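Number of protein chains: 2
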Amino acid sequence: MNEQSYDLVVIGSGPAGQKGAIAAAKMGKRVAVVDRRTSIGGVCLHTGTIPSKTLREAILYLTGFQQRSFYGRDYALKDKVSVADLAFRVQTVMAREEEVVRAQLKRNGVTLVDGTARFTGPHALQVESPEGRQSLEAANVLIACGTRPARDPKIPFDGARVIDTDQFNQLKELPRSMIVVGAGVIGVEYASMFTALGMQITLIEQRPTMLDFVDREIVETLTYCMRQRGTVFRLGEKVVSVRVEDGARGVDGARGVDGARVVAMLESGKEIHGEALLYSVGRQANGDQLGLEAAGLKPDERGRVVVDEHFRTTVPHIYAAGDIIGFPALASTSMEQGRLAAHQMFGGGAAMRPELLPYGIYTIPEISMVGKTEQELTAARTPYEFGIARYDELAKGQMIGSEVGMLKILFDPSSLRVLGVHIIGEQATELVHIGQAVMALGGTMEYFRDTVFNYPTLAEAYKVAGLNGLNKLDAAQPNLPTGS
Amino acid sequence: MNEQSYDLVVIGSGPAGQKGAIAAAKMGKRVAVVDRRTSIGGVCLHTGTIPSKTLREAILYLTGFQQRSFYGRDYALKDKVSVADLAFRVQTVMAREEEVVRAQLKRNGVTLVDGTARFTGPHALQVESPEGRQSLEAANVLIACGTRPARDPKIPFDGARVIDTDQFNQLKELPRSMIVVGAGVIGVEYASMFTALGMQITLIEQRPTMLDFVDREIVETLTYCMRQRGTVFRLGEKVVSVRVEDGARGVDGARGVDGARVVAMLESGKEIHGEALLYSVGRQANGDQLGLEAAGLKPDERGRVVVDEHFRTTVPHIYAAGDIIGFPALASTSMEQGRLAAHQMFGGGAAMRPELLPYGIYTIPEISMVGKTEQELTAARTPYEFGIARYDELAKGQMIGSEVGMLKILFDPSSLRVLGVHIIGEQATELVHIGQAVMALGGTMEYFRDTVFNYPTLAEAYKVAGLNGLNKLDAAQPNLPTGS
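So the sequence lines, in the order shown, correspond to chains A and B. In terms of the numbering used here, the first sequence opens at residue 1 and continues consecutively. In terms of the numbering used here, the second sequence opens at residue 1 and continues consecutively.
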């Protein structure tokens, strides 16, 4: 058992841990990152963002989804997309990404320590791995060891028919129907992907609404699109029990090739059937597995670590970042939290501007937003006007066969400042950054009116929406020439 | 013969004409647009931007081009893509776009006058159509009637084997090899599309270089990609004659199914063969067909109309916009010129900021830029530093199987102001608008460092390039913490 000493020990090698470690290393600090050899990159790389978003690209391509307005509703590139087709691309990308993460840490002189870390004191960590045990001394610690799926004991997980989001790649074949329990971001993303694959999806959520932080008009557009393709929404419904029936039990309902089916009983008395069930209700943070008490800390009931706006816990030299601190639990945000925490420790650094955080939801069609929603502005009694552009009005929208797509800009009618940008449709997660820059740098609606956009692009939607918004003001005050 | 009087008569219904007409109509003016019924939307809609960019989307999809890094170099969705496959989508989009243009003009109360316009006096126009002749009186005129392909009498155009860019849709089948003469934007766009289709392309250009307004590193990347796929570049070579040989003439060389081939003789003595030849050297502006003399104007030797920075000719009530005034002859810019010209006439309006004009080149891979190139900065003795990001470093780049792709930011090392953004790769024409907004609104490289970008996106390239650029400065001045 040897003892090593570091300026910073990072627990977890996901997006927050990586960026925190690299930022500290760039400032000349001696940095170690602790993670199991099989988990480099964290949930993001292994079961979260990377595989799910890669899966999504594969589904979009292999189903010919974006091309259906040209080639007809039933057009599909491969009539029966197999798990192998999908898994092939996912494996390729995961392997490459892991290589990227390892290379980046190595290039910056960060030590990778294989194993699982536990606090044995405020500055002392013990790392266990199959090869043995070692002790690390840390001047500073960044806790960035993320979350795992929450496991409800009522749900009979079997990794085959009843699965959590970590187990999708264990499916041997794609079921024709699936029950998705939980309409959070992850549940809705998977439900929309499966719908695109042609599965019959029933999405169950205990709360009466879903994606409450997203603009209602956008959520309604998504709901409409998913319903058009056959998704059944059961919002405000609670699952009381789940059982798997084998092939002998009956002949009706949705059954797999072997005749088995999953049945979810709802509190309202409804029985929902499917060949499989995906459980995506909440995540359990890993703060319960760190021996935090030895450092003078305590996780909350969901395993999360509480931090201030500088990502610092109540123990001054211990920070936390990423999913383990809770909302928004997005890779993009986690990276920035990790980086800012490192700067806080060693260099002093700017705080995050939460009003400019973008949100990307990788549903089909995808959603992205920055700033306030109509609901938030109304609740805050902030007057606003809006400008809108639909993709089918854009030449590019027609060229790519985009049937759905909309960009909405909310703005202050007197200062013309941009208050929020909400997009649903192809490239939404890319396009939102144009609006984000205009908001961050104090631009107004006149920026969109006066700027030349490449033609044909989807970015042109900003110009169309900008003119649309300004024309609404003109209608109220005629004789002020503004737009077309 | 009836006489009608308008506040504004617009000659031509392409992008410049449309936007000029609508801007004037929004200001309450009586507006007419003159164009032939079969030409609504102009070159842009009929033979230019719309069909060529739609063709490009169809080629990208039908050839599975973007997916080759996953499914192997020889992977193609449809083994033999036919002209009919390509034409189907192009026709769909053209029809929809024409509808959009007509509806937009109608909604704004703009009168469409069918026919060809000629000046009979500074305020008087005569319009001829198959149905007859009519006279229009115009308080103001906007000339926006574009260009046509230049026709070199040495080239034996036959619309079948030797074609100009207006005639691509007349091809009955796709040749296996093609000579493209002229490496301007249009020639290079077509050459790269044909290369993606698997054709053997020889690109001939009289000048020793191509796309001189584009950053050299970007042009070299494009050249490399096209060569990888078999394009032969013959720069600094002049075509002295072109002939079509029928099937009886020989047995060797590239010949069509009927044995015919096109032979281009170069001044250097080389003989270049192909099944077909596309001639894309220059465009002739239509200013020679307007009877400009009757209005007191004269087109230049290439038919162009000369205007000042407000798009006004030497006759104060006559303006011109779009391709007819020359460079850059992009639909995006033409729209803005038309709109600004109308505001100049009736409302006063801001001038264009040419330093913020984006350029989009729809090659495969696509190119976009805003601001200065390295060459321009060097020539102006402006010191600069650069930050770079390659798509294959980005998770999104890996997910979409993008093998090529790069974003480069040029910036002032002391003020950190952005001087230029240069992109080659998927979504380049969309992504450039993020950099454009930062430039326009006075942001610096720190904006890219401090901004959270959705993950995974290609937009993340800005953050990677931003950190890369700032890290270069740190290397020169250590101890200033900046990036990862």
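Treat the hints as calculated values from the structure; they're not laboratory data. Treat the hints with care, since some could be wrong.
Which copy is meant is left open, so a pair is good if it fits within one copy or across any two.
Said to hold, decoys possible - With a straight-line Cα cutoff of 20 Å, these simulated SDA-like cross-link-like pairs (lysine to any residue) come out:
#1 238 x 85
#2 472 x 108
#3 238 x 300
#4 29 x 109
#5 106 x 392
#6 472 x 28
#7 472 x 377
#8 29 x 376
#9 270 x 388
#10 298 x 314
#11 472 x 343
#12 29 x 471
#13 238 x 139
#14 472 x 109
#15 270 x 123
Source: prediction; values computed, not measured.
Here is how each hint holds up against the structure:
In this assembly of identical chains, the alpha carbons of residue 238 and residue 85 never lie at most 20 Å apart, being 35 Å within a copy and 49 Å across copies at closest. Taking the shortest Cα distances, residue 472 and residue 108 sit within 20 Å of each other only across copies (15 Å), while inside one copy they are farther apart (53 Å). For the homomeric pair residue 238 and residue 300, neither the shortest alpha-carbon distance inside one copy (25 Å) nor that between copies (76 Å) is at most 20 Å. In this assembly of identical chains, the alpha carbons of residue 29 and residue 109 lie at most 20 Å apart only when taken from the same copy (9 Å versus 68 Å across copies).
With identical chains, the CA atoms of residue 106 and residue 392 are at most 20 Å apart between copies only, with a shortest distance of 18 Å across copies and 47 Å within one. Taking the closest pair of Cα atoms, residue 472 and residue 28 come within 20 Å of each other only across two copies (15 Å); inside a single copy the shortest separation is 55 Å, beyond that limit. Within a single copy, residue 472 and residue 377 get their C-alpha atoms as close as 19 Å, which meets the 20 Å cut-off; across copies the closest is 42 Å, which misses it. When the C-alpha separation of residue 29 and residue 376 is checked against a cutoff of 20 Å, the pair qualifies neither within a copy, at 42 Å, nor between copies, at 40 Å.
Taking CA atoms no more than 20 Å apart as the test, residue 270 paired with residue 388 passes in neither setting, with 40 Å inside one copy and 56 Å between copies. Only within a single protomer do residue 298 and residue 314 lie at most 20 Å apart by alpha-carbon distance; the minimum there is 10 Å, versus 79 Å between protomers. Only between protomers do residue 472 and residue 343 lie at most 20 Å apart by alpha-carbon distance; the minimum there is 18 Å, versus 45 Å within a single protomer. In this assembly of identical chains, residue 29 and residue 471 lie within 20 Å of each other by CA distance solely across copies; the values are 16 Å between and 55 Å within a copy.
For the identical chains of this complex, residue 238 and residue 139 are neighbours neither inside a copy (47 Å) nor across copies (70 Å), given an alpha-carbon limit of 20 Å. In this assembly of identical chains, residue 472 and residue 109 lie within 20 Å of each other by CA distance solely across copies; the values are 18 Å between and 56 Å within a copy. In this assembly of identical chains, the alpha carbons of residue 270 and residue 123 never lie at most 20 Å apart, being 54 Å within a copy and 76 Å across copies at closest.
Checked against the numbered hints given earlier, this structure breaks hints 1, 3, 8, 9, 13, 15; the rest are met.
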